[in-house]
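K.L.:
The lines below spell out each chain.
2 protein chains.
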Amino acid sequence: MDVGEFELISDVTADLPAGDDVLLGVGDDAAVLRPAGDVVVTTDMLVDGIHFRQNWSPAFQIGRKAVAVNVSDVESMGAVPSAIVMALGLPAEAELDWVRELSAGVRDEAARAGVSLVGGDTARSGAVVITVTALGNLDGRAPVTRSGAREGDLVAVAGRLGWAGAGLTVLQRGFGSPKELVAEQQCPSVPYGQGRVASEAGATSMVDISDGLLADLGHVCAASGVGMDLATSNFELPEAIQRVSAATGVSPWNFILAGGEDHALAATFPAGTELPAGWRRVGVVTGSGEVTVDGERWEGPRGWTHFG
Amino acid sequence: MDVGEFELISDVTADLPAGDDVLLGVGDDAAVLRPAGDVVVTTDMLVDGIHFRQNWSPAFQIGRKAVAVNVSDVESMGAVPSAIVMALGLPAEAELDWVRELSAGVRDEAARAGVSLVGGDTARSGAVVITVTALGNLDGRAPVTRSGAREGDLVAVAGRLGWAGAGLTVLQRGFGSPKELVAEQQCPSVPYGQGRVASEAGATSMVDISDGLLADLGHVCAASGVGMDLATSNFELPEAIQRVSAATGVSPWNFILAGGEDHALAATFPAGTELPAGWRRVGVVTGSGEVTVDGERWEGPRGWTHFG
Chain Z
1 MDVGEFELIS
11 DVTADLPAGD
21 DVLLGVGDDA
31 AVLRPAGDVV
41 VTTDMLVDGI
51 HFRQNWSPAF
61 QIGRKAVAVN
71 VSDVESMGAV
81 PSAIVMALGL
91 PAEAELDWVR
101 ELSAGVRDEA
111 ARAGVSLVGG
121 DTARSGAVVI
131 TVTALGNLDG
141 RAPVTRSGAR
151 EGDLVAVAGR
161 LGWAGAGLTV
171 LQRGFGSPKE
181 LVAEQQCPSV
191 PYGQGRVASE
201 AGATSMVDIS
211 DGLLADLGHV
221 CAASGVGMDL
231 ATSNFELPEA
241 IQRVSAATGV
251 SPWNFILAGG
261 EDHALAATFP
271 AGTELPAGWR
281 RVGVVTGSGE
291 VTVDGERWEG
301 PRGWTHFG
Chain A
1 MDVGEFELIS
11 DVTADLPAGD
21 DVLLGVGDDA
31 AVLRPAGDVV
41 VTTDMLVDGI
51 HFRQNWSPAF
61 QIGRKAVAVN
71 VSDVESMGAV
81 PSAIVMALGL
91 PAEAELDWVR
101 ELSAGVRDEA
111 ARAGVSLVGG
121 DTARSGAVVI
131 TVTALGNLDG
141 RAPVTRSGAR
151 EGDLVAVAGR
161 LGWAGAGLTV
171 LQRGFGSPKE
181 LVAEQQCPSV
191 PYGQGRVASE
201 AGATSMVDIS
211 DGLLADLGHV
221 CAASGVGMDL
231 ATSNFELPEA
241 IQRVSAATGV
251 SPWNFILAGG
261 EDHALAATFP
271 AGTELPAGWR
281 RVGVVTGSGE
291 VTVDGERWEG
301 PRGWTHFG
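As you go down the protein sequences, you meet chains Z and A in turn. If you're matching positions, the first sequence starts at 1 in the numbering used here and goes up one per residue. If you're matching positions, the second sequence starts at 1 in the numbering used here and goes up one per residue.
Calculated from the structure, these hints are not laboratory results. A hint or two may mislead.
[What the hints assert, rightly or not] Chain A residues, not near chain Z, derived (Cβ > 10 Å throughout):
#: 1; residue: A30
#: 2; residue: D38
#: 3; residue: G120
#: 4; residue: G126
[Unchecked claim] Okay, the calculated bits of chain A under chain Z, using three or more residues with CB under 8 Å as the criterion:
#: 5; region: 47-55
#: 6; region: 75-87
#: 7; region: 250-264
Glycine residues also receive a C-beta, built at the ideal position from the N, C-alpha and C atoms.
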């Protein structure tokens, strides 16, 4: 394959509606945006064999995931996602059809997330490498950081937990179902819009769950100087995860509390907050300095390392 | 080497002063910026063996270049560079000292460019891959695009032309001097600040010279629906380039008119504009639809392909 940069970027951006805040999109030296308030920016690099595997994930889902995991970080600041730029490294042997499917996935997820793809770059590389940078608008709100949790706050989550980790276990054992778990491993269902909702509901801290719930809440506790206690009775135990646990002997709590790549949102709210729709209370902020489960130190895995 | 993401990003960002517009830097899910006016954003991916070679360039210069070539695109929109985020893919065999030198180069060039490094990501990859996304502020000015050149405008450049291309020829033939040309190939001297200066002086179009002067001016002509004629008598013929030409038999005009990677700025201004310091008039905008040199079609190379 020898796709020129311009042709490829044109393909990715074809038919993609641009938001009102995009003054200039793809095609010049840089894009121009008109931000609403302060701007949030984050970047992530996804590498074939580390963050995805072509034999486990169709190109469409890989494209979706590259957008989703980045925009998730914008959501977790309480911002409204606005735009992305993408740099794509492709090996010489990449097939044009594969790249088109990837592009279609990028477009699909950008539409779900409500972001405009405003720029990009392509390069020849040894393996597929995708870097997405995502921007968001705070619309006059303060960012919701990791450091604002206070003792007595309640801990809540939005989105799915454990699905991506259980899906990985399924794939690693050579199976393709439960399909809903495999799909979450291929591309997480980010709870788009809930970042702003949480901010408006008074969230005191927020983080997206990429490493595993206990690990990421541990980052919040470290930044905020607090602890947390989670109650397992507050969590959903999806039937598909129970089936994987029964078949593999892995506790469902390993998936739910320590599985990574779900990109759910976890936030703390002042005690007494009536949680908005989509949010589930799972615990309370304590002064202990660590994250406990049902009042006990958790002895299982806390987090996640990518499979590469 | 097994450097954790946090440790590495901390190393890169140590002692780096953040601009007043950085409300939140490295360490949370995303950074937060307070933009001055509309925001410019651009991204570029640099791959080992394509955009740099470790045997031709020390890590310090590679880090500098990753920043320079991105910020150059912010300059060429007439914006003031403000911030960068960087995603860094590193092979297992990367040496910690090499990564620290790279980081030092990133910090050095960020300081030259006046940008704050506000976020990053690291990943394991087969070869070194560096993606930088650069942001800039327009401070109430309109962006200077490729499409605003008008017949009769004058064409001017700021920065060096031909140095990086001549430096590449030197390296390809196994030599290490003239050192000033090799240094420009390792990391171009971007004329920081001249993007804003050109915009304030009334530039009607602008582009940064990454592919070669004739090729990039060709992009401006296509976007603006105009032609240009350049006069060779208007250009500097640096003594170092003349020496390389004498030693290799390559015309100095191949380097100056068609050598890429210099990241000079080229802009058009209304006829009669008194050019600001740092800008040199090199030609005029015509209605011909093509870029000519001394009134003739240029028969030499027009642009650049990376050496990989």
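K.L.:
Hint by hint, note whether the structure agrees.
P.N.:
Hints versus structure:
Non-interface status of A30(A) relative to chain Z is broken: a Cβ of that chain comes within 10 Å, the nearest being about 4 Å off. Remark: the non-interface label on D38(A) conflicts with the geometry, its nearest Cβ contact in chain Z lying 5 Å away (cut-off 10 Å). Not every C-beta of chain Z lies more than 10 Å from that of G120(A), the closest at about 7 Å, which undercuts listing it as non-interface. The claim that G126(A) lies off the interface is violated: its Cβ sits roughly 4 Å from the closest Cβ of chain Z, which falls inside the 10 Å cut-off.
Counting residues of the region 47-55 of chain A whose C-beta lies closer than 8 Å to any C-beta of chain Z gives 3; at least three are required, and the coverage claim holds. Residue count for the region 75-87 of chain A with a Cβ under 8 Å from a Cβ of chain Z: 7. That meets the three needed, and the coverage hint holds. Residue count for the region 250-264 of chain A with a Cβ under 8 Å from a Cβ of chain Z: 0. That is fewer than the three needed, and the coverage hint is violated.
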